[in-house]
Amino acid sequence: MNYQELFPRLASMDAIIARARWISSQGEPRRVAVAAAHDDAAIESVVTAQREGIAQAILFGDAAKINPLIEQHGGNPADFKVISTSADEESADAAAELVGKGGADVVMKGILPTSKLLKSVLKVKFGLRRKGLLSHTAILSPTSYPKLLGVTDGGMVIKPTFDQKVEMIRNSVMVSRALGVEIPNVAVLSTVDYVVQAFPDTFEASALSKMAQRGQIPHCVIDGPMGFDSAIWPRAVEYQLIESEVAGEADIVVAGSIEEANVLAKSLILFGGAAFAGVIVGAKAPVSLVSRADNAYNKLASIALAVVVSHYIKHG
Amino acid sequence: MKYTYKADHPLRSFEEMHAVVAEMAAKSGPFHVVSAVAQDVVTLRGLALGRKLGLIKATLVGHPRRIKAELTSVGMDPSEWEIVEEKDQEEATRVAARMVMSGQADILMRGRLLARDFFTTLLNPELGMRKQGEFWTNIVVAKIKQLDRLVLITDCALTGKLDLPGRLRLIQNATEFAAFLGVSEPKISLLAAVETVTPGMEVSIEEAVIAKMCERGQFPKGVSIDGPLSLDLSLSQAAVAKKKMKSPVAGQADVLVVDSIHVGNLLFKSLITLCGAESASVIVGASIPIIITSRSENPENVVNSFALAALMIGERKTAKKVDTPA
Chain B
1479 MNYQELFPRL
1489 ASMDAIIARA
1499 RWISSQGEPR
1509 RVAVAAAHDD
1519 AAIESVVTAQ
1529 REGIAQAILF
1539 GDAAKINPLI
1549 EQHGGNPADF
1559 KVISTSADEE
1569 SADAAAELVG
1579 KGGADVVMKG
1589 ILPTSKLLKS
1599 VLKVKFGLRR
1609 KGLLSHTAIL
1619 SPTSYPKLLG
1629 VTDGGMVIKP
1639 TFDQKVEMIR
1649 NSVMVSRALG
1659 VEIPNVAVLS
1669 TVDYVVQAFP
1679 DTFEASALSK
1689 MAQRGQIPHC
1699 VIDGPMGFDS
1709 AIWPRAVEYQ
1719 LIESEVAGEA
1729 DIVVAGSIEE
1739 ANVLAKSLIL
1749 FGGAAFAGVI
1759 VGAKAPVSLV
1769 SRADNAYNKL
1779 ASIALAVVVS
1789 HYIKHG
Chain G
45 MKYTYKADHP
55 LRSFEEMHAV
65 VAEMAAKSGP
75 FHVVSAVAQD
85 VVTLRGLALG
95 RKLGLIKATL
105 VGHPRRIKAE
115 LTSVGMDPSE
125 WEIVEEKDQE
135 EATRVAARMV
145 MSGQADILMR
155 GRLLARDFFT
165 TLLNPELGMR
175 KQGEFWTNIV
185 VAKIKQLDRL
195 VLITDCALTG
205 KLDLPGRLRL
215 IQNATEFAAF
225 LGVSEPKISL
235 LAAVETVTPG
245 MEVSIEEAVI
255 AKMCERGQFP
265 KGVSIDGPLS
275 LDLSLSQAAV
285 AKKKMKSPVA
295 GQADVLVVDS
305 IHVGNLLFKS
315 LITLCGAESA
325 SVIVGASIPI
335 IITSRSENPE
345 NVVNSFALAA
355 LMIGERKTAK
365 KVDTPA
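Sequences listed follow chains B and G, in order.
The numbering of the first sequence is my numbering, which starts it at 1479 and goes up by one.
The numbering of the second sequence is my numbering, which starts it at 45 and goes up by one.
Do not take every clue at face value.
In silico EDC-like cross-links for lysine to aspartate or glutamate, where the CA-CA straight-line distance does not exceed 16 angstroms [as the list claims (entries may be wrong)]: (1) G/Lys-287 with B/Asp-1518; (2) B/Lys-1597 with B/Glu-1575; (3) G/Lys-286 with B/Asp-1518; (4) B/Lys-1543 with B/Glu-1530; (5) B/Lys-1597 with B/Asp-1557; (6) G/Lys-288 with B/Asp-1518; (7) G/Lys-112 with G/Glu-129; (8) B/Lys-1637 with G/Glu-246; (9) B/Lys-1792 with B/Asp-1518; (10) B/Lys-1625 with B/Glu-1660; (11) G/Lys-50 with G/Glu-67; (12) B/Lys-1603 with B/Glu-1567.
It should be emphasised that the hints constitute simulated quantities derived from the structure, not laboratory data.
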């Protein structure tokens, strides 16, 4: 049996959290290694994740600051392994090394620049580096869309090149497959549904679509260019917007820039009733990052997503 | 075009706008919309609803057989519509445009042709529609359920990549339009993925420059501009409180200025599809009101665009003869 048969499609954020809880209940609980863990948002997330039985945490950073933060969020410092490190780089290296050795499953960002953390994750000696690009996938659950929607890349890759879009799609497809979607529908977004000379992104979208048809990007159906309405709106076909396997049923949408993906994700969170979870993939283990601006549920969902992805990387 | 109407208080909903426009239509007759390349079901449904409400009357320029087929397909009687035959889409656009330029009709509407093709025809100097010095931009007016005001988003449909002077003109158009809708001291957010000036994100640097220009008084008095700001920090007071951000605009933006139409288009489509927002979309800076509806809009949103365009025309001095075909 393949992974998708064993683990059916997850249709809601609650289901992702439940899956993560189930994963952690099988044998050893999953472990999150947090770099520069003296960070309010990160501690809030791991305290909740531990209480909810989703993951345990190993915290690298300033112990004098970490313990009070744990208490502040209703946790008991004795339940956490805290390892004092003095500099950002030291704690990032330590977290990446631990995950590389198999001592933890997820690398998580605390209060340090993302770039510093990823630099450690990519150090060859820690064994987490793979050939491809690291990119960010957001999973959203808008109330008026019948399934989970992946959005890339609203968090890392600023203005992807064609090659980077290929890698971003591979990464998001992996996340989607971890959520039980065997062959995800990928929509490459543009302002229009047609190939238009003035918009070079429509050329790239066409080529990406062809690459999937030729099996160069496996395990997915890609179509584009298409407007966001065509990608997700079930009435797109009724309204004669477009004829496409993907239209109206996208599992993943690929935006042309960080601004586009970010504004899309935020509009759905603010006004579309969507819960949100984000994860960086492309290395041998997922990297989790939560923002101060995320609410408590979304922070928990992000850790749960990383746990589910790490399980898929090991068993999928 | 000069706006003769000016709201004396900020219009906060489309209901409010419709009430104002209904009064105008009651006094001087329905506004006359002419659709170019009208064989388009979204257009026709919108026009039908607008007529039913007494807000507009319509002329359909395009391919008669196809127009009639589309009308029949949605259960409407073709004999009730005024149809002008012009099968060529470029010529249909010119015919429709000239009707509005000559004062025969009030509002020009795009039908079933690409926005690019539509505007290429309209902007061709031979047509003489764009006067010297005019800078055309698109503004979407959105009513988002969670907010108690109308939010303007510019540009979601028309302009390509703008340089700094171009962005300043875009902001100027939006500022004037906000004043017309009763927001005389608009709070303008320059939208980005982040709220920090980030090397590598060109957008954030240019936005910081424009914000500084505003701090230095290089914009009209009363206008507040800040950026870069993410969407949540532009519109959500809760997000602003959480991040302890200090800004004259954050959390209360009336206008969202995006850096490219790709961002604007995506935001607009997200709002009207999965967020249930109401919207209207017009071109500003031209000498006549022009509407471009999006294919995924419902008839109510199309009618909102009619109302907004009608408001731009305002009170007409002489009552127009109402001659809707029987």
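Against the structure, the hints:
About 12 angstroms separates the Cα atoms of G/Lys-287 and B/Asp-1518, which keeps this hinted pair within 16 angstroms; it holds. A threshold of 16 angstroms between alpha carbons decides the hint, and for B/Lys-1597 with B/Glu-1575 the separation of about 12 angstroms falls inside it, so the pair holds. This hinted pair checks out: G/Lys-286 and B/Asp-1518 have alpha carbons roughly 12 angstroms apart, not beyond 16 angstroms. Taken as a hint, the B/Lys-1543 and B/Glu-1530 pair is broken in the structure, with Cα atoms around 23 angstroms apart against an allowance of 16 angstroms.
Between B/Lys-1597 and B/Asp-1557, the direct Cα distance comes to roughly 29 angstroms. Violation of the 16 angstroms bound is thereby established for this hinted pair. Restraint check for G/Lys-288 and B/Asp-1518: the C-alpha separation of about 14 angstroms stays at or below 16 angstroms, so the hint holds. A C-alpha spacing of about 11 angstroms is found between G/Lys-112 and G/Glu-129, which places the hinted pair at or below 16 angstroms, so the restraint holds. Note on B/Lys-1637 and G/Glu-246: the hinted pairing holds, with a Cα-Cα distance of about 10 angstroms set against a maximum of 16 angstroms.
Of the supplied pair hints, the one linking B/Lys-1792 and B/Asp-1518 is violated, its CA atoms being roughly 30 angstroms apart against a limit of 16 angstroms. Distance hint between B/Lys-1625 and B/Glu-1660 is fulfilled; the C-alpha atoms sit about 14 angstroms from each other, no more than 16 angstroms. For a cut-off of 16 angstroms, the pair hint linking G/Lys-50 to G/Glu-67 stands: about 15 angstroms separates their Cα positions. Between B/Lys-1603 and B/Glu-1567, the direct Cα distance comes to roughly 15 angstroms. Compliance with the 16 angstroms bound is thereby established for this hinted pair.
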